[in-house]
Amino acid sequence: MVKVMAFGTFDVLHPGHSYFLREAKKLGDMLIVVIALDETVLKVKGQLPRDNQEQRRKNVQHNRAVDKSILGNAGDKYAIIEQEKPDIIALGYDQRAFVDRLEQELTKRNLHPKIIRLKPFQEHIYKSSILKQQLLHKN
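End of the sequence shown = 125 in the numbering used here, gap-free, step of one.
Fair warning: there could be bad hints in the mix.
[To be verified] Derived DEER-like restraints, expressed as beta-carbon distance ranges:
#1 61 x 40: 11 to 21 Å
#2 94 x 50: 32 to 42 Å
#3 33 x -13: 33 to 43 Å
Hints in this document: simulated from the structure, not taken from any laboratory. Glycine residues also receive a C-beta, built at the ideal position from the N, C-alpha and C atoms.
The whole structure should be built from the sequences, with the hints applied where relevant.
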């Protein structure tokens, strides 16, 4: 069984997220999605997500492509990869957080998953930051 792992905030789920999850699932038999903790989102993006981490995890779990959704690790961001041992890591087209040290951390832990960066889906429309701005202007 080929295990695929994907990571993200997944706040305000939109068609771009659904596309990403479907494409990640096509890479293997089982898709494990790691949801960023609220504190991690605050550090990386400078603001808390609209929905809390558990709500975001539940929202992602409802997607048919997702076999397992889990919360990330507050300390060692790479420990979850070591724990789940995916065959493939699927990255979003704009995913940069913690990616710079990914290969180094995998090698250090003697893990060798294939890393695949997926293509975007209408990123000029379905990008979370754009959609959040639109929501703010409506309210």
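Hints, one by one, checked against the model:
The hint said 11 to 21 Å for the Cβ distance between residue 61 and residue 40, and at roughly 19 Å that hint holds. Residue 94 and residue 50 have their C-beta atoms about 35 Å apart, which keeps the hinted 32 to 42 Å range intact. The hinted window of 33 to 43 Å between residue 33 and residue -13 holds, with their beta carbons roughly 38 Å apart.
Taken one by one, the earlier hints all hold for this structure without exception.
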